[in-house]
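Whole structure, please, built from the sequences with the hints as guidance.
Residue numbers (this note's numbering), protein chains in the order written: chain S, 1 to 363; chain D, 1 to 363; chain H, 1 to 363; chain Z, 1 to 363.
Keep in mind that the hints were calculated from the coordinates and are not lab data.
Identical copies look the same in the list; a pair holds intra-copy or inter-copy alike.
Taking lysine to any residue and the SDA-like style, the derived pairs with C-alpha atoms no more than 20 Å apart in a straight line are:
(1) K147 - R271
(2) K7 - G219
(3) K147 - A111
(4) K7 - F355
(5) K199 - E189
(6) K199 - R57
(7) K199 - P49
Protein chains: 4
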Amino acid sequence: MKNSIGKSVIFTVFGESHGPAVGVVLDGLAPGLSVDESYIAEQLSRRRPSGAADTARVEPDRFQLVSGVYRGHTTGTPLTILIPNENVRSADYGQLEHVARPSHADYAAQAKYHGWQDPRGGGHFSGRVTAGIVAAGAICRQALERKGIRLGTHILRCGGVEDAPFTDVASEIGRIEARRFPLILDLEEAVEAAVLAAKSEQDSIGGVVQTGICGLPAGLGEPWFDSLEGVLARAMFALGGVKGIEFGDGFGLSAMRGSQANDPFRMQDGRVVTATNRNGGINGGITNGMPVVFNLAVKPTPSISRLQQTVDFVEGKEVELALSGRHDPAIIRRICPVVTALTAVVLCDQLALRFGTDYLAQP
Amino acid sequence: MKNSIGKSVIFTVFGESHGPAVGVVLDGLAPGLSVDESYIAEQLSRRRPSGAADTARVEPDRFQLVSGVYRGHTTGTPLTILIPNENVRSADYGQLEHVARPSHADYAAQAKYHGWQDPRGGGHFSGRVTAGIVAAGAICRQALERKGIRLGTHILRCGGVEDAPFTDVASEIGRIEARRFPLILDLEEAVEAAVLAAKSEQDSIGGVVQTGICGLPAGLGEPWFDSLEGVLARAMFALGGVKGIEFGDGFGLSAMRGSQANDPFRMQDGRVVTATNRNGGINGGITNGMPVVFNLAVKPTPSISRLQQTVDFVEGKEVELALSGRHDPAIIRRICPVVTALTAVVLCDQLALRFGTDYLAQP
Amino acid sequence: MKNSIGKSVIFTVFGESHGPAVGVVLDGLAPGLSVDESYIAEQLSRRRPSGAADTARVEPDRFQLVSGVYRGHTTGTPLTILIPNENVRSADYGQLEHVARPSHADYAAQAKYHGWQDPRGGGHFSGRVTAGIVAAGAICRQALERKGIRLGTHILRCGGVEDAPFTDVASEIGRIEARRFPLILDLEEAVEAAVLAAKSEQDSIGGVVQTGICGLPAGLGEPWFDSLEGVLARAMFALGGVKGIEFGDGFGLSAMRGSQANDPFRMQDGRVVTATNRNGGINGGITNGMPVVFNLAVKPTPSISRLQQTVDFVEGKEVELALSGRHDPAIIRRICPVVTALTAVVLCDQLALRFGTDYLAQP
Amino acid sequence: MKNSIGKSVIFTVFGESHGPAVGVVLDGLAPGLSVDESYIAEQLSRRRPSGAADTARVEPDRFQLVSGVYRGHTTGTPLTILIPNENVRSADYGQLEHVARPSHADYAAQAKYHGWQDPRGGGHFSGRVTAGIVAAGAICRQALERKGIRLGTHILRCGGVEDAPFTDVASEIGRIEARRFPLILDLEEAVEAAVLAAKSEQDSIGGVVQTGICGLPAGLGEPWFDSLEGVLARAMFALGGVKGIEFGDGFGLSAMRGSQANDPFRMQDGRVVTATNRNGGINGGITNGMPVVFNLAVKPTPSISRLQQTVDFVEGKEVELALSGRHDPAIIRRICPVVTALTAVVLCDQLALRFGTDYLAQP
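Next up, the structure:
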């Protein structure tokens with residue numbers, strides 16, 4: 001599958017940072033879902049750089065619905081979205097063709113593609129590809145919302161600033177999306193200041209983002225290799241900066257006793273619920289009907305303008321590197337809509353597998 | 001795929017805790033790999049309960065090579081291993097048919113299988129299934145070793161005890177496997193004491209395990225949905241108690257600056273290496289030739305004999321539960337060989353995809 | 001997938017002709033389907049050799065339900081069936097380890113497995129593996145029948161004898177299965193005579209079998225690479241002797257004009273039907289609600305005792321071969337229940353993909 | 001996978017006949033393969049309508065390499081080709097939104113997509129999508145040729161005219177491609193006359209095409225569900241008009257005795273060959289080193305302008321239909337380069353699976 005994921009809804013990404021366009025194919029989505037272009041544009045704008053805390057490369061993200069949409073609705077056949085690259089300055093990357101930016105994909109890509117990869121702007125490894133993910137995810141997310149499934153992602157930790165974790169996912173999603181920085185608490189200025197501080201030191205910072213999903217039915221996921229945890233994790237590690245994932249209290253659970261970590265079951269209005277949600281809504285790989293919550297460790301962006309030690313992998317010699325070009329000092333704000341979008345795509349696949357290909361379009 | 005994983009080497013698990021047998025099918029492994037039954041038995045013995053810190057259910061793990069082995073070598077056709085369940089006391093589980101053990105798969109399975117699941121001993125969700133994983137992994141691991149790829153898993157943290165992280169994977173694997181508890185430092189008594197303390201309080205504990213792999217070539221993995229991180233993560237979340245995974249410094253990276261988190265490249269004996277390995281041997285989802293290192297958060301086993309609040313999901317009412325039966329107060333020791341085995345299976349698939357189906361058998 | 005097929009219901013075969021057992025794993029079937037062991041045994045008996053027209057190797061086909069069945073119903077977790085090989089005379093095959101039986105898999109297997117394959121009785125390429133397919137298919141078929149979907153396979157042509165093609169699938173299935181040779185018309189003696197004539201000349205014969213399926217909903221299948229035709233064809237070419245497949249009038253259509261080949265649509269009791277069914281119930285890869293009908297070309301069994309020219313592929317020299325051992329002079333009778341069973345497995349996957357994993361168990 | 005096929009080289013098609021564009025994604029092809037745009041254009045021109053025997057809709061097929069190509073070579077990342085639809089006259093199809101063209105996908109699509117499908121020009125079911133297949137196949141085919149693998153497709157039978165079957169694939173491919181109608185013998189006028197005769201009667205005709213592949217190594221394919229026959233068959237049934245496939249003598253084998261059907265092995269220049277090739281180069285699903293040969297039954301194009309009986313599936317009533325618009329009276333000429341292209345894509349996947357992802361680029 002490589003650049004594809006999913007079994008009933010199959011999602012493919014393509015494109016390079018400085019090529020003609022990036023894009024996606026979303027195949028198998030139920031026919032008859034409404035495709036709201038203004039909502040897609042709005043989600044893309046949440047991912048778009050804005051302000052001093054982001055890269056100076058701002059793309060208009062004019063997307064084209066190339067296939068799979070007819071009269072404003074999904075047809076059920078492959079839905080292709082193309083987003084042309086318009087603001088490209090490849091000269092910035094001339095220096096990098098042979099020089100591995102530390103902790104970037106450059107050297108690994110060289111080992112894999114033997115020098116044939118497109119090095120401009122990270123090529124296919126560029127975060128630019130996530131624009132297509134956001135566009136496709138917007139369609140999926142609206143379909144999920146019509147089934148009562150809501151999801152969102154916020155910055156849980158960044159530069160010493162700590163947001164509140166999700167406690168009431170449905171209401172907190174609204175709050176997150178009303179802010180320029182996705183946060184539950186009013187900490188936008190503090191997070192932006194932390195990013196700008198790193199930038200002013202020619203450095204970058206990372207953080208932890210948290211995704212919450214509510215409204216999922218119990219019984220989603222498979223016992224072994226298609227546990228919902230495994231499927232979501234595989235999807236999330238597609239995103240360049242993600243280096244860890246934990247569900248519920250995750251690594252925190254590993255330091256607890258069973259009597260603390262177990263979520264007691266209760267009855268509430270005739271429905272089985274848990275009193276706490278330390279397991280993030282998943283038991284044995286399968287949803288238990290509580291909100292699914294997971295955290296992602298996002299490393300600091302590897303592109304920094306400080307002087308770094310590295311190698312010229314063609315010449316096979318050590319060199320120093322001080323990056324110029326336009327970079328994000330942090331992707332922590334911009335990754336949030338991407339994570340939400342990719343989660344939405346994965347959930348559409350899971351629901352279609354469980355309840356059939358028409359499920360999302362059924363009233 | 002559900003209970004299968006892999007594309008060139010396809011691995012399937014089956015079986016229930018109290019059914020006739022558990023087993024696996026390993027399809028696509030190179031022909032001509034030697035199958036060393038005593039090594040399989042040895043790896044199974046590392047997973048087997050032993051001593052007061054483990055469950056009292058001890059299975060002899062007599063495995064049968066049902067297909068795919070001829071004259072002591074793999075044939076290249078599906079290799080099936082069957083491990084009969086011999087020490088079964090199903091009466092222990094009679095109480096549980098309708099009662100959800102908190103944070104166990106019981107209720108999620110009920111929602112998914114509508115009461116048709118085999119509830120005895122956790123049925124298909126039982127850790128018993130991992131015996132087959134260890135047997136298959138033993139064959140894969142020996143094949144990897146012949147190609148110079150070594151891997152192992154140790155307890156990094158458990159009950160306040162902290163082992164040293166991997167610094168020289170190849171040599172530390174030997175040390176780990178020489179101990180009854182897989183640890184780099186001589187901390188066996190401390191870890192066992194922590195487990196027994198939890199047990200004496202009718203409770204359980206979890207921990208963090210760390211896996212190291214050395215000898216992998218650079219260039220393994222795919223940029224987006226088949227990143228090596230994603231593929232390994234999907235596999236690891238198959239294991240019941242795993243609630244988090246991080247590569248390299250993982251969540252620790254999220255609190256660093258780029259200048260700290262980046263691993264500078266260097267030349268060493270004509271080879272590209274990194275001075276540090278905070279990214280766990282993977283950049284952009286693809287190996288960079290350094291050791292691959294990841295940590296798993298293992299929650300405390302949910303089966304405890306303390307009184308717990310839960311529900312009878314058939315009657316739809318709240319009940320109290322005090323588990324009897326034979327349980328592990330911790331799986332932290334026993335999960336290590338399982339993680340190593342499953343990693344070995346995944347790596348065999350990755351290498352076959354990259355270098356062809358015969359690669360592992362080539363001299 | 002190699003020895004597996006399916007996406008929602010994943011089916012895996014394993015085993016060698018002279019190994020301990022053959023078997024299958026059927027993963028993802030809806031929970032709660034009744035598993036009728038006597039029906040499985042009955043279907044296995046339809047595949048079993050009987051009489052002078054078949055091989056002298058008769059296996060009792062004592063199957064074991066190793067996993068996935070509890071209290072007589074599917075659990076929804078992997079269902080494993082093991083069928084031990086009991087009547088094995090490997091000495092018969094000693095001569096063949098280096099000698100390629102013409103048009104058998106021997107030489108191709110040598111090129112693929114480099115001599116590590118199990119050569120006894122054809123190893124994994126043996127028709128013996130189809131016993132597991134029949135057992136799994138029996139469970140699937142009963143599930144389909146409960147949803148009003150009926151299917152069967154008969155000998156359409158063999159040795160100059162020509163059966164009537166399906167015209168009313170539902171009623172003709174019953175007639176077929178009431179006979180020892182699966183035929184719509186009363187031609188059993190003629191077909192058996194043709195087989196015995198070939199046998200008496202130390203030769204073998206093939207034929208064409210036809211499968212009919214009625215009760216399928218319209219709208220099953222995908223437009224391009226998962227057309228129902230493509231999915232069924234991929235499955236059918238798993239069977240050793242199959243060298244061609246055609247849907248509806250198939251190759252006959254290629255000689256018609258459009259005005260002859262097109263099936264006019266009509267209304268019948270408020271339902272859309274076609275006046276003829278030359279396209280075998282499939283348009284554009286998708287069912288149109290009419291019976292799905294396909295024919296398979298089955299070549300004569302390659303194992304004949306006549307003197308043949310061939311090579312010793314280890315010595316690299318030409319040799320003569322006169323096969324001893326126990327062989328079928330024709331598999332045309334025995335392949336019919338196998339084709340039906342494999343079709344049933346494929347249809348269960350298709351229906352689960354379309355309507356969800358629980359569909360087959362819903363009332 | 002639906003609109004995708006392949007495991008190591010994954011191929012996806014998208015687009016509608018009257019949408020903005022059709023296109024393909026070819027993911028996993030070896031890096032460093034040269035991409036020859038003039039060869040792509042040449043292959044597209046072989047598929048393009050020309051003359052009275054084809055549809056009047058002639059598209060310029062201006063293709064865009066949107067991703068995966070850098071400096072004239074494959075990068076190894078997803079290669080996307082977009083072919084805009086420029087000559088669109090949707091008004092022609094206005095009559096068809098509710099009326100099922102007999103033996104077209106219209107009604108099956110309605111049953112599957114509930115009216116949300118794009119009906120213009122057959123939408124996603126249109127042969128227009130095959131333009132992308134030809135473009136991608138051109139890249140694959142040149143890669144195969146560099147490894148000594150040659151393939152081609154000719155019209156074997158059409159309207160009573162019978163071409164010679166392949167006897168020396170390598171040399172006959174050149175002859176086929178030198179003609180406007182792909183034929184081994186000089187029968188172009190006869191075939192064209194047959195097509196025009198059908199056209200003059202407002203009718204259409206079909207035929208049989210034959211594909212030959214030489215230079216493939218022995219040992220390609222898997223024993224059961226990924227037999228090379230099964231994999232190729234699944235691919236070929238993607239093509240709208242294909243209703244049957246046979247390998248080697250196919251249905252002809254079913255009427256032979258074993259002693260006639262078996263291909264005797266011989267030694268030739270130290271290599272194992274067969275004296276005849278009735279099994280089409282495949283034994284037990286795996287190549288034996290002889291040319292792979294298969295035939296496809298292509299039904300007459302269902303779009304004819306004669307009066308036909310059909311239904312309005314929205315109104316649920318019977319209607320008469322006399323198609324206007326631009327149609328091919330036969331696709332038999334134009335399907336040949338499509339079959340060759342799709343075969344080339346499948347073979348690239350098979351070779352990458354067997355010998356590794358870099359195989360095709362290795363010298």
